[in-house]
Structures are given as C-alpha cells and as structure tokens.
Amino acid sequence: MSTADPLPAALRADIVALAGAELHPRGAAVSALRLVQEHFRWISTAHLHEVADLLGMSADDLDGVATYFNLLFRRPVGRHVIMLCDSVSCWMMGRDPLCAHLCRTLGIQPGETTADDAITLLPTVCIGHCDHAPAMLVDDALHGDVDTTTLDRLIAALKEQP
Amino acid sequence: MPPSDRPLTAMIDPAAGPPDCAAYERGGGWQATRKVIGTLAPADVIDIVTRSKLRGRGGAGFGTGQKWSFVPREPASARRKYLIANADEMEPGTFKDRWLMEGNPLQLVEGMIIAAYAVQAGHGIIFLRGEYHLACARLQQAIGEARRQGWLGDNILGSGFGFDIHVHSSAGRYICGEETALLTALEGRRATPRSKPPFPQTGGLWGAPSVVNNVETLSNLPHIITNGAEWFLALGRGEDGGTKIYGVSGRVRRPGAWELPMGTPLRQIIEECAGGMRPGYGLRALLPGGASTAFVDTTALDVPMDYGAMEKAGSRLGTGMAIILDDRTCPVGMLHNLEHFFAQESCGWCTPCRDGLPWVERLLAAIEAGTGTHEDIEQLGRHTRMLGPPGRTFCAHAPGAMAPLASGLKLFARDFAAHIAQGRCPLRHAA
Ligand SMILES: Cc1cc2nc3c(=O)[nH]c(=O)nc-3n(C[C@H](O)[C@H](O)[C@H](O)COP(=O)(O)O)c2cc1C
Ligand code: SF4
Ligand code: FES
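Protein chains in written order, with our numbering: chain Z, 1 to 162; chain U, 1 to 431.
Derived by calculation from the structure, the hints in this document are not laboratory data.
A portion of the hints provided could be inaccurate.
To be verified - Far from chain Z, some chain U residues (derived; all Cβ distances over 10 Å):
| # | residue |
| --- | --- |
| 1 | L40 |
| 2 | R267 |
| 3 | A413 |
Unchecked claim - Covered by chain U, per the in silico footprint, the following chain Z stretches (three or more residues, Cβ under 8 Å):
| # | region |
| --- | --- |
| 4 | 9 to 19 |
| 5 | 66 to 75 |
| 6 | 91 to 98 |
| 7 | 128 to 140 |
Claimed, not checked - Which residues of chain Z face chain U? A few of them, derived with a C-beta cut under 8 Å, are:
| # | residue |
| --- | --- |
| 8 | L23 |
| 9 | H24 |
| 10 | S87 |
| 11 | L122 |
| 12 | V125 |
Idealized CB from N, CA, C, for every residue including glycine.
For reference, chain Z alone in the conformation it holds in the complex:
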C-alpha cells in the first residue's frame, strides 16, 4: 500500500463506476479523491494524475479541487488523525488549553505528525458536537466533553493501534 504504487485495479474500477453513475464523470471528483485517501491516507501527485485521467479532467483542475477542501490531504498524515475543534463553542469551553496539552504530550504543533508516524494533529472548524464542547474527531469517531484525562487515555490507546 505504498504511495509509490499505482492505484490498485479494484480502486480504479470503483472510481470508473462512480464516474459512470454521474451525468458527467467529473461529478465524481470529490468522491474519487476520498476513495484514494481512504486507501493511502493521503493523495499523492501520481495518484491525483491517475484519477484525473480516469475522470477525463486535467490534473491541474483536479488539484484545484483537491486543495480546496479541508478534509482532502495532499500531504502524508499519520496512522491516526486527531482533529480538534477550533470553533466558537469549543473555544469557549477550553479548547486552547486542551490543544496546548495535546501538543506537549505529542511533542508536535498543530499540522504536524509525531515522529513514530502514529498521530497527526489538525485543527478543524465546528464538527457539530457543540453541546459536548470541547470536541474532537479521532479518525471517524466524535469525542465530546474532552478533558486532559480522557485525552491522555485516548492517545495511549491510539499509539498502541497499528
């Protein structure tokens, strides 16, 4: 699953199917990029070119889309991605000290990945969990009412996961 490998045949087939279900193939741009990212964790330039070919788009045009969206990663990320909500309710309920704690514990700044490639820390806008602020997204799961104790426990568990 190295990003130097071309897209696997099954993934290419999925993208072709997505494109075929749209009125115009480029309608599948975001979905196709998301599929690539699910597989490789990020979207390398080589893969972006392959997807562009499949959708009949220019690579520049598709890169314009890929760089537009907050959840599409054009740079490698770690095995797990922590997105700490940056928005207003979470800010009010103590997001900043939590972020500082997280940075200290992981030894990285927001936007960076730990040296063991386990965790990337990213800020995010409101994730619709404001009633449980401060909130964060860890991979696909929402976590609310986060404090330093729950955070430490969570990170320990993540570090152990492959």
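We have chain Z; now place chain U with the ligands onto it with these hints.
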C-alpha cells in the same frame, strides 16, 4: 394515534438507534408517501406545503412551497430534475441536522420522496458534510432498506413515479452549504457560489432544474402531508407554523437541542431546557441562531424565536442554535475566534471578502492582545459597512461574517475600549 406535538423527534431514541422501515411505519411513517403517490397531484402537494407556511430551516427562511413553485412543471421524463438535501451543516454552534439524520434517517428519506414528487424530480442527492460518518452510515442503511422495500426506485408503489437517492460525502468547506456553491461542488469544481439568476430551480445542477432544501425543512414534510397544513400551522406559537429544533451551547448547565413550538422565547429555551447558566457564570449576550447571526443581549430573552420577531430584535433566527457568551469570557476573543473561521472559510472569489476578512481577523487579534488602537476599532466599523448588508459581495458569506462583528462592536464597546486603554485583555488579566 394522535399526531405528536414534537413530530420531528418523536421517533428519535438515542439508546435504541434509528427505526428500521417497519418501526418507522408503526410510528406513523410512510403514510404520507402513500397519500401523496396514491391520491395527490404534484400541484396539490405544493399547495398543502404552501398553506402550511413551512419556511426553510437552513437559515434564510424562504417559503418552501413557494420555492418549489418556481420549478418548471414538465414531467420528470421530459427533463432531468434534482432534489438535493443540504446536509452540509458547518455553521459553528449548529448540530441539529446531525441529530435528525442519526436519529431518524428514514424521515429525511420520506421528506425527500415528497419533495421530489412535488417538483417531479427523479434524482435525489444528500449533500452530507464529510465529518458526519455515523450519519452517513445510517443514511446509507436507511436508503438501502427503503430501496429494497420499494419506497425508492423506478416505480414507487406501482405509480410510475421513479426517484432514488444517493449520498454525496463532501470534504469540508463551509461555503458548500451556500446552495449555489453546493451545486458547483457537486459538479466536481472548486466550490464557488454562482450568480443568480438563473436560480437553481430553473438552472441548477448540470444546468437542470434543482431544488436545494435543508435537512430539517425536508424532515417536516411527512408530518405536514399526514396531518395537514392547519395542524402544522397550529403547532407554532406565532405567525410561523410547526416546531423548531432549538439548541444551546456554551456555559449553560445542560447544553443540547430540543424540539419546541416555533416561536418559543429564548428565556424558556435557555432556562427551562438548558437549565440556566452554570454556577458562577452570568449570561452576557448570545448569538441566537449560529455564528452568522447578530448578538442580542438579555433584553431579547422574551422575544419569540421566529423569523419575524428575531429580525425585529435586530438579529436572525438563523439555524435556531444559540451560542451563549458568559460574563467571564472575553467578547473580543470570541469575535476573533468567529472571524478567524469566516476568514479561513472564504472561498476567495470576491476581493472584499477574500482580503477583508483576514484584515478584520488581524485587527481583532491585535486588540485582543492589547496592541490595538482606537483607529483599529474605526477600521473594524468601516469593514462592517463595506462587507455587511445589503451585500457588495457575491454571496451572503461576508454579510454573515459581519453580523456578529457589527453587533459586537456596539454591544461590547466598553470591552474594546478597555483592551486599548489597559493594553491587555482585562478579563484574562483578572483570571
Ligand atoms: C455561507 C453560507 C453557508 C450556508 N450553509 C448552509 C448549511 O450548511 N446548511 C443549509 O441547509 N443551508 C445553508 N445555507 C443556506 C443555503 O444557501 C440555502 O438557503 C438552504 O439550504 C435552503 O434550504 P431551506 O430553504 O430548506 O432552508 C448557507 C448559506 C450561506 C450563505
Ligand atoms: S462573499 Fe466570500 S465566500 Fe461569498 S463568493 Fe465572495 S469570496 Fe466567496
Ligand atoms: S464549536 Fe466545536 S463542535 Fe461545534
């Protein structure tokens, strides 16, 4: 079974998970689809919804029946038409659509069938924000089950009307919630808004007639069809019909969301539902309907939370999800956080918004840090006039960003002055 006075959430039970098709039917579901497809013409459906005075719950509050009436009346086969559920929900402080989709996805599916039938659209898309993984899984499950049971597909209930839904998982960009930017995003382009006209109802996705409605708006439809326009109107406390999902976040005892009659006053929502402020905190002001509405202070607590009354009070109902500013949080810091969001999420299409919002953010950062000047406050005021309503920008993002700022500059003038006079944040310093 008598109709519920909280129809949207009657079947939501977080402990049990969302109802399947059979449970949904036992709770009163699918009656509306049967009624619409078996007995009503598309124009009748539009008429009922227009008489119910249902207004869009996505923020702008446009009449739903009226919006549909602009769609050309040819049959679905003559022209491709789209019905799109706006499930982008990225307004800070807003979490109501997620609750509806996770709690009762079939209600949204049925609402979409009704809306699609009314405008004779054959294609449905749920434009879902990418972070909502649980909602996505539950929607896929609901759509699959509905399809297997014949509620979606080529020939629904043998009527010849065909409609199907697919979920488009977006990839995180606030502007995609703006209905024309949403269409651009679905076409695989950088999601910039489009000029109107043409309106989506005549020239939307791929140039075809398209209706974009909010999740809460669509979720109301099965109940309106089943129980009638008069029943719906009577649910509201004032001019507007129905219920509304209201929510509160911030330093209240029980942050959360509740379905209440449209027009419930803020005081009741904050004190009865949210349990009032946490011990040691006072209520200073609030954004009544999400990040892009104007601040109101405690003098507005008895204003009914509906479209007209909130506008008279100088703000907007917006999404109906209130964000509380307590008396120990710095309003300048809060505004800085809000404008950071708006600056980051500008699509960059028009210069005043692309360049103006980061400028505003920097000024606020300086004032917050104690290095701002009186001239900076004047600059902020100038920006609210330049970027605010009536709107010199392409879309409502920039005016929305100016709503909290313009009201905040007035309401918190003393705090701004104190930051400048003392050269530091008085609240943070006191803490
Ligand atoms: C910057 C911006 C963001 C918006 N975000 C959303 C959103 O996330 N969800 C939504 O339903 N409407 C959003 N809207 C409003 C939509 O443009 C549109 O009015 C709404 O989806 C129409 O549905 P309704 O008539 O059912 O309310 C947004 C508008 C603007 C200007
Ligand atoms: S106002 Fe802002 S978000 Fe809207 S089109 Fe212009 S630059 Fe884009
Ligand atoms: S403000 Fe953080 S989840 Fe909404």
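Hints that the structure is at odds with (numbers, increasing): 4 and 11
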